[in-house]
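Heads up: the protein sequence lines correspond to chains E and H, in order. So for the first sequence, the numbering used here puts the first residue at 5; every next one is plus one. So for the second sequence, the numbering used here puts the first residue at 108; every next one is plus one.
Hints in this document: simulated from the structure, not taken from any laboratory. Where hints are given, some of them may not hold.
What the hints assert, rightly or not - Here are the computed lysine-lysine pairs in the DSS-like style, where the Cα-Cα straight-line distance is at most 27 Å:
1. H:K550 <-> E:K96
2. H:K137 <-> E:K205
3. H:K394 <-> H:K120
Claimed, not checked - A short list of chain H residues far from chain E (calculated; beta carbon distances all over 12 Å):
4. P168
5. T171
6. V204
7. L270
8. Q280
9. G291
10. N418
11. S541
12. V629
Note that the structure is a prediction, hence the values are computed from the model and not measured. Glycine residues also receive a C-beta, built at the ideal position from the N, C-alpha and C atoms.
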Amino acid sequence: MPSPDQRQRLAALRETIADIERKPALAEARALVEQQQGEFPRLAGGLLQEMFTDERRNAGALLGFALAQAKGLLTAQRLAVVYLQLGDEAQKLGMPYGPGLLSFGFDPDALVLVRAANVAELLWAAEEAIACRAVAAVVADIGSHAKLLNFTASRRLSLRAAATGGSIFLLRYGQGREASAAHLRWRLSPARSAHGRYDAKAPGALRWLVQLEKGAIIKNQTEFVLGWTENGFATFTAQRRGTDRRIGGTTLPRAVPAQLADGLPQTA
Amino acid sequence: MLFLPSWPTDYLKRRDGQLQGPLVLHERIKGGLRLAAVDAEAARRGLSIGQNLADARAMVPDLTVREMDRPLLETAFADFADWHSNASPLVSVMTDVTGFGDLVLDITGVAHLFGGERAMLRLLLTRLRDLGYTVAGAVAPTIGAAWAVSHFARSQVLEQADLETVLDALPVQALRLAPAQVAGLTQMGLKSIGQLRQRERKPLQARFGVSLLTRLDQAYGLIQERMTPRLPMAERYAERRFADPIGLMDDVLMTCHDLAIQLSIRLEAEGQGGQAFHLFLYRVDHKVMALSVNSARLTRDPEHITKLFSNRSERLEGEYDAGFGIDMIRLAVSSVSELDAVQLGAFSHQGVAEDLDQLNDRMSSRLGIMAVLRTQLVESHIPERAARLVPALAASNDQARDRAWPLPPRPLRLLPVPEMVAINAEVPEGLPASMIWRRESYKIEKASGPERLGAEWWRSGQRLQLVPTEPPKKGETPPHIPNLALFEPDAVTRDYYVVEDAAGRRFWIYRQGFHRDGEPAVWYLHGFFA
Numbered sequence: 005m006p007s008p009d010q011r012q013r014l015a016a017l018r019e020t021i022a023d024i025e026r027k028p029a030l031a032e033a034r035a036l037v038e039q040q041q042g043e044f045p046r047l048a049g050g051l052l053q054e055m056f057t058d059e060r061r062n063a064g065a066l067l068g069f070a071l072a073q074a075k076g077l078l079t080a081q082r083l084a085v086v087y088l089q090l091g092d093e094a095q096k097l098g099m100p101y102g103p104g105l106l107s108f109g110f111d112p113d114a115l116v117l118v119r120a121a122n123v124a125e126l127l128w129a130a131e132e133a134i135a136c137r138a139v140a141a142v143v144a145d146i147g148s149h150a151k152l153l154n155f156t157a158s159r160r161l162s163l164r165a166a167a168t169g170g171s172i173f174l175l176r177y178g179q180g181r182e183a184s185a186a187h188l189r190w191r192l193s194p195a196r197s198a199h200g201r202y203d204a205k206a207p208g209a210l211r212w213l214v215q216l217e218k219g220a221i222i223k224n225q226t227e228f229v230l231g232w233t234e235n236g237f238a239t240f241t242a243q244r245r246g247t248d249r250r251i252g253g254t255t256l257p258r259a260v261p262a263q264l265a266d267g268l269p270q271t272a
Numbered sequence: 108m109l110f111l112p113s114w115p116t117d118y119l120k121r122r123d124g125q126l127q128g129p130l131v132l133h134e135r136i137k138g139g140l141r142l143a144a145v146d147a148e149a150a151r152r153g154l155s156i157g158q159n160l161a162d163a164r165a166m167v168p169d170l171t172v173r174e175m176d177r178p179l180l181e182t183a184f185a186d187f188a189d190w191h192s193n194a195s196p197l198v199s200v201m202t203d204v205t206g207f208g209d210l211v212l213d214i215t216g217v218a219h220l221f222g223g224e225r226a227m228l229r230l231l232l233t234r235l236r237d238l239g240y241t242v243a244g245a246v247a248p249t250i251g252a253a254w255a256v257s258h259f260a261r262s263q264v265l266e267q268a269d270l271e272t273v274l275d276a277l278p279v280q281a282l283r284l285a286p287a288q289v290a291g292l293t294q295m296g297l298k299s300i301g302q303l304r305q306r307e308r309k310p311l312q313a314r315f316g317v318s319l320l321t322r323l324d325q326a327y328g329l330i331q332e333r334m335t336p337r338l339p340m341a342e343r344y345a346e347r348r349f350a351d352p353i354g355l356m357d358d359v360l361m362t363c364h365d366l367a368i369q370l371s372i373r374l375e376a377e378g379q380g381g382q383a384f385h386l387f388l389y390r391v392d393h394k395v396m397a398l399s400v401n402s403a404r405l406t407r408d409p410e411h412i413t414k415l416f417s418n419r420s421e422r423l424e425g426e427y428d429a430g431f432g433i434d435m436i437r438l439a440v441s442s443v444s445e446l447d448a449v450q451l452g453a454f455s456h457q458g459v460a461e462d463l464d465q466l467n468d469r470m471s472s473r474l475g476i477m478a479v480l481r482t483q484l485v486e487s488h489i490p491e492r493a494a495r496l497v498p499a500l501a502a503s504n505d506q507a508r509d510r511a512w513p514l515p516p517r518p519l520r521l522l523p524v525p526e527m528v529a530i531n532a533e534v535p536e537g538l539p540a541s542m543i544w545r546r547e548s549y550k551i552e553k554a555s556g557p558e559r560l561g562a563e564w565w566r567s568g569q570r571l572q573l574v575p576t577e578p579p580k581k582g583e584t585p586p587h588i589p590n591l592a593l594f595e596p597d598a599v600t601r602d603y604y605v606v607e608d609a610a611g612r613r614f615w616i617y618r619q620g621f622h623r624d625g626e627p628a629v630w631y632l633h634g635f636f637a
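Just chain E, same shape as in the assembly (with noise of 0.2 Å):
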């Protein structure tokens, strides 16, 4: 019987194991954020990112977000992202274009289009497609509510990614919040484009408004304005908040952390 100093000293070890054991993709990732201050950070792989937008009709912005973040990861090693949509949703949603890609900055080449069946089939391409050491990202497209894609399905995502190194988009349309396991999740909405530069009336450079939800990654900082060049994200300040009060900062029915048998929280 070891002594209670002990016992509390082998309880604090296994909390540091589990917690290597579980986030060590954030851990890293969070290593990494803190040396770029101030701007938006380059996320490393491994990650399993929930992207949130309102509604479906931002659609647009939400795979921007995604592809621009993607593109970060391509490497010689990691040349593919796959993206995975409901094969019936492609009307609700569009489907990406691959001229459009050209003109965002990213190689249509690059990209693997997945039209599964059913959720069950897509959360099985996703699996499988996070395993392959050849791909980058995967970007899954679920433009409704699905009961399969619950805290198990996350989770199971996210081990992969953490395991394989590749990091998983997950685009979410809506308010509600479930439970997952996520390492980080973002509320995206579109923001007025910027001042056109030879034509006041002609829509500008774009720009998002984003917000960090979950994932205690960067410090003191949870929300940004974004534009993208193909080169990558440009930061501005954020202006005039609260203006619109949905964007500004409401109060989200935000998920319960689910407590396990082992009384450690999975999801905070």
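Place chain H on chain E using the hints.
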């Protein structure tokens, strides 16, 4: 050649044990119900094909009558034919005379496995007779001769030396002729093939057409006749027979793995790899299930092959039915070509593209080939034609693109079908000011355009060709031209605008056609920008 004269009735009797007694199948021919198939017992009591159904009922009061279902019988016979590929890999159904009943097996180089041609024929015939089929068979140097002998003589093996003497004695019907041709020959008094062969060829051709001479030459082997095997020709295969039939899919997959290892050892020794793999499951009750998978690049990796089949099998689910069990499994490979062994390096990048192709294979095998796609850019200014989605298995990566051109703004997502929107503009030809789409209204704050995309002028004035025009028939002089609208480039010219609403969402919309006074403009939404 195997000939099953009463296959339809035998098959139905075997399928349904309740059917008893004299059985006939009827069919509507020229407005009357006539017999189309007669079983052995009914034939013994004087019924024949082509007889009136009412007459037949009067002659045999206890007759069992069913309607003839040709598509069902044809598919059943095709399955039956596939099952015979356990005797020879090249099996086909001869459909010259009827859709079922004639089975052609190419047994070149196979017969010795069964102890000679005679023993093989005996084996095939007895095995079918034990199952209750009436069957006759013949082995002959030509397909025509085998057909003639199996239909009009006793079952036998015909040597090349005896070919002429045996064929000469057979009636002219044995040449697979049309009924009109047979009637004409009978009129001329030509009853046997020998008599026909002595006549001058030119008058025969003039009177009966070239098909008569073709059939004659085919029977004697003067010209070649080809058969099209039903199953893909497998160059290499591995197979395993089971003493007891197996049923579980897991067992099948384990066997598949063993066979894949056997096959890969052989392929490795020959320095070859394959792209298409087929798994044939021979059921005890004469059915063959075939599963096929494809691989994007040449492979002989047994793990990969097994993985593809296990993915493919998960897509089957309800379709998989082992019936009474599977007694033979064959794994065949086709599209084989040279594959050199490569040294795998721990730090090299060369395996990466291969990994990606294997991933695409796996996903295609489970989700379907049309579900895993790549974009291929096409040189076209029409937006929906500028990108084409092709199966990732078939896509080629080497696309030359001219990157020097400035890229016009194109949306990140495109709707497969453009959706109609209502647009208000301050001046008719000005920039859009508001939009209603999917029952929500948007105030448009910024817009740029138009980018005018014209239709293909080189198609102007053409009619749509929905169906190929038929050549005029006799007595119908003016060929019928469907009165379809002419293609008008002006009507399908589009003016594209990039618009941004108050919240910053950016859409790609277009107006169909030119603006004309008094006509309402038709607008569509085509895509979303990031």
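- Message: So, against the hints stated earlier in the document, which numbers end up violated here?
- Response: Result: hints 2, 10 break, sorted rising.
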